[in-house]
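This is what each chain is made of:
There are 2 protein chains.
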Amino acid sequence: MKTFERNGMMQVLRGERVTKLPVWLMRQAGRYLPEYQAVRSEHDFFSMVRTPKVATEITLQPIRRFKLDAAIIFSDILVVPQALGITVLMEEKKGPIIPIPIRSAADVAALSIDGFESRMQYLSDSVGLTARTLDGECPLIGFAGSPWSLFAYAVEGSGKKSFAAAKAFLYNEPQLSQTFLALLTEGAIRCLKVQIAAGASVVQLFESWGSLLSPTDYERLVLPHIQKIVKEIEPLCPLILFVRGNPAVTDMLAQVTNAPIGIDYTVDLPRMRARFPTRILQGALDPTVLLGPAAEIKKQTHSMLESLGKDNLIANLGHGILPEVKPEAVATFVEAVREF
Amino acid sequence: MKTFERNGMMQVLRGERVTKLPVWLMRQAGRYLPEYQAVRSEHDFFSMVRTPKVATEITLQPIRRFKLDAAIIFSDILVVPQALGITVLMEEKKGPIIPIPIRSAADVAALSIDGFESRMQYLSDSVGLTARTLDGECPLIGFAGSPWSLFAYAVEGSGKKSFAAAKAFLYNEPQLSQTFLALLTEGAIRCLKVQIAAGASVVQLFESWGSLLSPTDYERLVLPHIQKIVKEIEPLCPLILFVRGNPAVTDMLAQVTNAPIGIDYTVDLPRMRARFPTRILQGALDPTVLLGPAAEIKKQTHSMLESLGKDNLIANLGHGILPEVKPEAVATFVEAVREF
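If you're matching them up, the sequences are chains Z and R in order.
The letter at position 231 of the first sequence is residue 231 when you use the working numbering, and the numbering goes up by one with no holes.
The letter at position 274 of the second sequence is residue 274 when you use the working numbering, and the numbering goes up by one with no holes.
Worth flagging that the hints you see were computed from the coordinates, not collected in a lab.
Quick caveat, the model's predicted, so the values are computed rather than measured.
A portion of the hints provided could be inaccurate.
Simulated coverage check for chain R against chain Z, where a stretch passes if three residues somewhere in it have a Cβ under 8 Å from a Cβ of chain Z [unchecked claim]:
| hint | stretch |
| --- | --- |
| 1 | 63-70 |
| 2 | 209-218 |
| 3 | 241-247 |
| 4 | 257-268 |
Chain Z is faced by these chain R residues, among others (derived, beta-carbon under 8 Å) [as the list claims (entries may be wrong)]:
| hint | residue |
| --- | --- |
| 5 | L21 |
| 6 | S162 |
| 7 | A164 |
| 8 | T288 |
| 9 | L291 |
| 10 | G292 |
| 11 | A294 |
| 12 | E296 |
| 13 | S303 |
| 14 | L322 |
| 15 | E324 |
| 16 | E328 |
Positions of the beta carbon are idealized from the N, C-alpha and C atoms, including for glycine.
Full structure from sequences and hints, please.
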């Protein structure tokens, strides 16, 4: 495995001090880039994910433009439910659709972890090809969705706002829910291991739907699964835990693990840093600031970095880049971090 | 004005201790009730809001069923933009649509506060008729949307997830945004005053979209408007400040005002109570728990009440009732509060 001795992101993750803050952006390979749209117009979403040459090309696009400190493999959190036997479609503008959602014990029983790695072969190939193509320029980040976020999509069937079906299932089928969450946890662990084995130097767990649960329920129903993932992955490579939209869950994960924490833009940054003064934090500019003028982007980026301090920090957004953002705005953000 | 000497909600708001916790539910008059659906099938949404007899009937429906400690007038936060001259439609299942969103100085200049009270006459009539019909049974709550939540809808044009247009406008047109926010603030204040004059004993300000802003931006761009509302309304009647989905903003409002605070289900309840030990708090059961079995509803309600303590508390959900909830689940929640 490459050590990336002089890469800022890996230095921060090893606990070293850096003179230049590392920076990457969630969803940096995506719809806001015209070169992404050009590829997208010729393929459907999951074909892109499943074709290593295409996934590699898309992963590298933002690295070429912005000289970022890390690439993140072009994939999707729903590849894990797919590899367990759940059909997932990606509808343009609507997001992911699961035409036959999980609603019963029979639905869960029909899923299988057997042969999981062979069904993830394309991901192994994509990560391997991307890492070789990067040739030491910067580390490659692998990722997986948290079992709860995968559960929410798989039971609901889509990304609806209230997730009423997923929540009803959680409360009405407590044992079956735990069985399914355990299966998704195993899938997430194996998915991360596949990527680490193939050349990912860092991995991130995305808790995209932590906001659907009260802190109490999260602790009771989901946290043990997260702890299992941390236990299995931490000895292998750095694992960043990112939670969207629920500062209480972010805080909980920071308390019960020593993992680097990805924070979202709703978190009170000075208080977060005060509570966890030496923790490696990642984040957390409001991604919609990139819709504003350059002066505003610089001002808010500097203010964010001042709040979090320049040690033990990986600069990033507090959520993925929006498709409406102009590539120039991303360049301004990166420049604002570099000059800090 | 009626004093409601023996009503638990008013007692808590006056700082008195109660032996029986007061309880009401956000969106208690709504789609989960078959008697609401029966009325709804014969009217469009804003006709219901604008017809005092119908609004009164709907407001009273949950009081008859559940003997709650407060009624809340059937209305919508978007009546304020409407009264300022913005067209708002309510599309079944899609939510509110603003066909001509606010995008320019001319759009803002075309709005007017003149004659606002006469355009709110129907709301005055509805509140008056409902208060008279309640005849002292319980107090009536009036409400308004926070200027930021109204801004987000009015600029975006609908309740889309990313609110990219609203955020872009906020950052690219800072002065115009402040002008528009100030107008919406004036509208919200007048809307609350109309309801207080007509017989509302309590009012609540709904910050439905506080989650769209970082705490830093909220403090800088929105908080002064909220403080103006607090200053104008607090001398007249109790004002509850409710924020959805952004615990950092909830905390900020609790710090800078003495107002009763409505909290949502993503807040860490024991920490909130520890930080504000004597503040009047309202909330905060995860509304999706009402989709679960009765035993789960009782257990979670009791756990929520234990976390917040029985003093200075108004029991409620941490967000509105979902249309999928069965009325029996609401009865179970109310019973769980009563027996605490």
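Structure-based check of all given hints:
Coverage of the stretch 63-70 of chain R by chain Z is violated [criterion: at least 3 residues with CB-CB distance below 8 Å; count 0]. For the stretch 209-218 of chain R, the proposed coverage by chain Z is satisfied: 7 residues have a C-beta within less than 8 Å of a C-beta in that chain, meeting the threshold of three. For the stretch 241-247 of chain R, the proposed coverage by chain Z is satisfied: 3 residues have a C-beta within less than 8 Å of a C-beta in that chain, meeting the threshold of three. For the stretch 257-268 of chain R, the stated coverage by chain Z holds: 4 residues have a C-beta nearer than 8 Å to a C-beta of that chain, and at least 3 were required.
The beta carbon of L21 (chain R) comes no nearer than 19 Å to any beta carbon in chain Z, farther than 8 Å, and the hint placing it at the interface is violated. Annotation: S162 (chain R) was flagged as interfacial toward chain Z, and the flag holds, the nearest CB pair being 6 Å apart, inside 8 Å. The beta carbon of A164 (chain R) comes within 5 Å of a beta carbon in chain Z, closer than 8 Å, and the hint placing it at the interface holds. Interface hint at T288 (chain R): satisfied, since its Cβ lies 4 Å from the closest Cβ of chain Z, which is below the 8 Å cut-off.
The interface hint given for L291 (chain R) holds, since its Cβ lies 4 Å from the closest Cβ of chain Z, which is under the 8 Å cut-off. Hint status for G292 (chain R) relative to chain Z: holds, with the closest Cβ pair at about 3 Å, below 8 Å. At its closest, the beta carbon of A294 (chain R) sits 11 Å from a beta carbon of chain Z; the interface hint therefore is violated under the 8 Å criterion. Checking E296 (chain R) against chain Z by beta carbon gives a least distance of about 5 Å; that is within 8 Å, so the hint holds.
The restraint placing S303 (chain R) at the interface with chain Z holds, with a minimum CB-CB distance near 7 Å, inside the 8 Å limit. With a least beta-carbon distance of about 5 Å to chain Z, the hint placing L322 (chain R) at the interface is held under the 8 Å criterion. At its closest, the beta carbon of E324 (chain R) sits 5 Å from a beta carbon of chain Z; the interface hint therefore holds under the 8 Å criterion. The beta carbon of E328 (chain R) comes no nearer than 14 Å to any beta carbon in chain Z, farther than 8 Å, and the hint placing it at the interface is violated.
In summary, the numbered hints that this structure violates are 1, 5, 11 and 16.
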